[in-house]
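Given these sequences and hints, build the entire structure.
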Amino acid sequence: MMINPLFLPFILIFFYFFIGLTGNREQRTGNSVLQGNGQQGTGNSVNIYSNYTVIPDSIYDGDTFRVFKNNTQLKIRFACVDAPEKAQPLGIQSRDYLRSLLQKYNYQVSLNITETDRYGRSVAEVYLPNGQLVQELQVKVGMVYPYERYKDDCPTWGKVKKAGVVAKRNRIGVWAGNYEKPWDYRRKK
Numbered sequence: 001m002m003i004n005p006l007f008l009p010f011i012l013i014f015f016y017f018f019i020g021l022t023g024n025r026e027q028r029t030g031n032s033v034l035q036g037n038g039q040q041g042t043g044n045s046v047n048i049y050s051n052y053t054v055i056p057d058s059i060y061d062g063d064t065f066r067v068f069k070n071n072t073q074l075k076i077r078f079a080c081v082d083a084p085e086k087a088q089p090l091g092i093q094s095r096d097y098l099r100s101l102l103q104k105y106n107y108q109v110s111l112n113i114t115e116t117d118r119y120g121r122s123v124a125e126v127y128l129p130n131g132q133l134v135q136e137l138q139v140k141v142g143m144v145y146p147y148e149r150y151k152d153d154c155p156t157w158g159k160v161k162k163a164g165v166v167a168k169r170n171r172i173g174v175w176a177g178n179y180e181k182p183w184d185y186r187r188k189k
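Going by my numbering, the first residue of the sequence shown is number 1, and it counts up by one from there.
Keep in mind that the hints are not guaranteed to be accurate.
[Unchecked claim] In silico lysine-lysine, DSBU-like type, Cα no more than 35 Å apart, as pairs:
#: 1; residue 1: Lys188; residue 2: Lys161
#: 2; residue 1: Lys181; residue 2: Lys140
#: 3; residue 1: Lys181; residue 2: Lys162
#: 4; residue 1: Lys181; residue 2: Lys151
#: 5; residue 1: Lys162; residue 2: Lys189
#: 6; residue 1: Lys188; residue 2: Lys86
#: 7; residue 1: Lys189; residue 2: Lys168
#: 8; residue 1: Lys161; residue 2: Lys86
#: 9; residue 1: Lys86; residue 2: Lys151
#: 10; residue 1: Lys75; residue 2: Lys151
#: 11; residue 1: Lys189; residue 2: Lys161
#: 12; residue 1: Lys86; residue 2: Lys140
#: 13; residue 1: Lys140; residue 2: Lys162
#: 14; residue 1: Lys69; residue 2: Lys151
#: 15; residue 1: Lys69; residue 2: Lys161
#: 16; residue 1: Lys181; residue 2: Lys75
#: 17; residue 1: Lys168; residue 2: Lys140
#: 18; residue 1: Lys151; residue 2: Lys168
#: 19; residue 1: Lys162; residue 2: Lys75
#: 20; residue 1: Lys75; residue 2: Lys104
#: 21; residue 1: Lys159; residue 2: Lys86
#: 22; residue 1: Lys75; residue 2: Lys140
#: 23; residue 1: Lys69; residue 2: Lys104
#: 24; residue 1: Lys151; residue 2: Lys189
#: 25; residue 1: Lys75; residue 2: Lys86
#: 26; residue 1: Lys104; residue 2: Lys161
#: 27; residue 1: Lys181; residue 2: Lys168
#: 28; residue 1: Lys189; residue 2: Lys86
#: 29; residue 1: Lys75; residue 2: Lys159
#: 30; residue 1: Lys140; residue 2: Lys151
#: 31; residue 1: Lys168; residue 2: Lys188
#: 32; residue 1: Lys140; residue 2: Lys188
#: 33; residue 1: Lys159; residue 2: Lys188
#: 34; residue 1: Lys86; residue 2: Lys162
If you are wondering where the hints come from, they were derived from the structure by calculation, not from laboratory data.
Following this line, the structure appears as structure tokens:
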């Protein structure tokens, strides 16, 4: 059977991601690392593109939740974005949008953990099973702001920023009114 040359790039991408998803991975567990083979190690390595289950009741707001895998829980703070606080306009809507989005995928996500913040949360890019970046989807519909202050910790900053430009131009969600940015709101508290 001859493979159509047009499909070759897609086949190569599939194998690249398949090998990346099934290879030896590491997962942060406090001060140690739980490797994909279940062995403990030490170091600062983190898990990239591994499947996690979001704990539905832990979706606190539009940019924070807890996940579990192999009896280990992680608290995740979304990289690249900042959601309105729950007491702010669109804060509850931002959280509910995230809940409904994740529910469509049975709360399954993959993570690219970029760092640990000062509160001990893993900062991560969050991906749906279909490969879509959750932060980009949230920004497109105006449920979160691109968070320029931490753009250096966001490998996909270009996508997130571009989605923000479009949402702002179309005055969608957080861009529909003259709302206070979450970082300014927190500074006042």
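Verification of the hints:
This hinted pair checks out: Lys188 and Lys161 have alpha carbons roughly 26 Å apart, not beyond 35 Å. For the hint pairing Lys181 with Lys140, the CA-to-CA distance comes to about 17 Å; that is within 35 Å, so the pair holds. For the proposed pair Lys181 and Lys162, the alpha carbon gap of about 18 Å is at most 35 Å, so the pair holds. Under the criterion of a C-alpha separation no larger than 35 Å, the hint pairing Lys181 with Lys151 is consistent with the structure, at around 16 Å.
This hinted pair checks out: Lys162 and Lys189 have alpha carbons roughly 30 Å apart, not beyond 35 Å. Between Lys188 and Lys86, the direct Cα distance comes to roughly 15 Å. Compliance with the 35 Å bound is thereby established for this hinted pair. Only pairs whose Cα atoms come within 35 Å are accepted, and Lys189 paired with Lys168 is accepted, the gap being roughly 26 Å. Of the supplied pair hints, the one linking Lys161 and Lys86 holds, its CA atoms being roughly 23 Å apart against a limit of 35 Å.
Of the pairs offered as hints, the one joining Lys86 and Lys151 holds, with about 23 Å between alpha carbons and a cut-off of 35 Å not exceeded. In summary, the hint linking Lys75 to Lys151 is supported, as the alpha carbons are separated by about 20 Å, within the 35 Å threshold. Taking the CA atoms of Lys189 and Lys161, the gap is near 27 Å; set against the 35 Å cutoff, the hint holds. Between Lys86 and Lys140, the direct Cα distance comes to roughly 20 Å. Compliance with the 35 Å bound is thereby established for this hinted pair.
The hinted pair formed by Lys140 and Lys162 meets the criterion: a straight-line CA distance of about 9 Å does not exceed 35 Å. A hinted pair counts as satisfied when its Cα atoms are at most 35 Å apart, and Lys69 with Lys151 qualifies at roughly 28 Å. The hinted pair formed by Lys69 and Lys161 meets the criterion: a straight-line CA distance of about 31 Å does not exceed 35 Å. Proposed proximity of Lys181 and Lys75 is supported: the alpha carbons are some 23 Å apart, at most 35 Å.
A hinted pair counts as satisfied when its Cα atoms are at most 35 Å apart, and Lys168 with Lys140 qualifies at roughly 9 Å. Under the criterion of a C-alpha separation no larger than 35 Å, the hint pairing Lys151 with Lys168 is consistent with the structure, at around 18 Å. A hinted pair counts as satisfied when its Cα atoms are at most 35 Å apart, and Lys162 with Lys75 qualifies at roughly 27 Å. Of the pairs offered as hints, the one joining Lys75 and Lys104 holds, with about 21 Å between alpha carbons and a cut-off of 35 Å not exceeded.
Distance restraint check for Lys159 and Lys86: the Cα-Cα separation of roughly 26 Å lies within the 35 Å cut-off, and the hinted pair is therefore satisfied. For a cut-off of 35 Å, the pair hint linking Lys75 to Lys140 stands: about 24 Å separates their Cα positions. In summary, the hint linking Lys69 to Lys104 is supported, as the alpha carbons are separated by about 19 Å, within the 35 Å threshold. Proximity of Lys151 to Lys189 is assessed by CA-CA distance (about 24 Å); at most 35 Å being required, the pair is judged to hold.
A C-alpha spacing of about 18 Å is found between Lys75 and Lys86, which places the hinted pair at or below 35 Å, so the restraint holds. A C-alpha spacing of about 25 Å is found between Lys104 and Lys161, which places the hinted pair at or below 35 Å, so the restraint holds. Note on Lys181 and Lys168: the hinted pairing holds, with a Cα-Cα distance of about 13 Å set against a maximum of 35 Å. With a C-alpha separation of about 14 Å, the suggested pairing of Lys189 with Lys86 holds against the 35 Å cut-off.
For the hint linking Lys75 to Lys159, the alpha-carbon distance of about 24 Å falls within 35 Å, and the restraint holds. Only pairs whose Cα atoms come within 35 Å are accepted, and Lys140 paired with Lys151 is accepted, the gap being roughly 17 Å. The hinted pair formed by Lys168 and Lys188 meets the criterion: a straight-line CA distance of about 24 Å does not exceed 35 Å. Under the criterion of a C-alpha separation no larger than 35 Å, the hint pairing Lys140 with Lys188 is consistent with the structure, at around 27 Å.
Restraint check: the Cα-Cα separation between Lys159 and Lys188 comes to about 30 Å, which is no more than 35 Å; the hinted pair holds. For the given pair, Lys86 sits about 25 Å from Lys162 by alpha-carbon distance, which is consistent with the 35 Å threshold.
Of the numbered hints stated above, none is contradicted by the structure.
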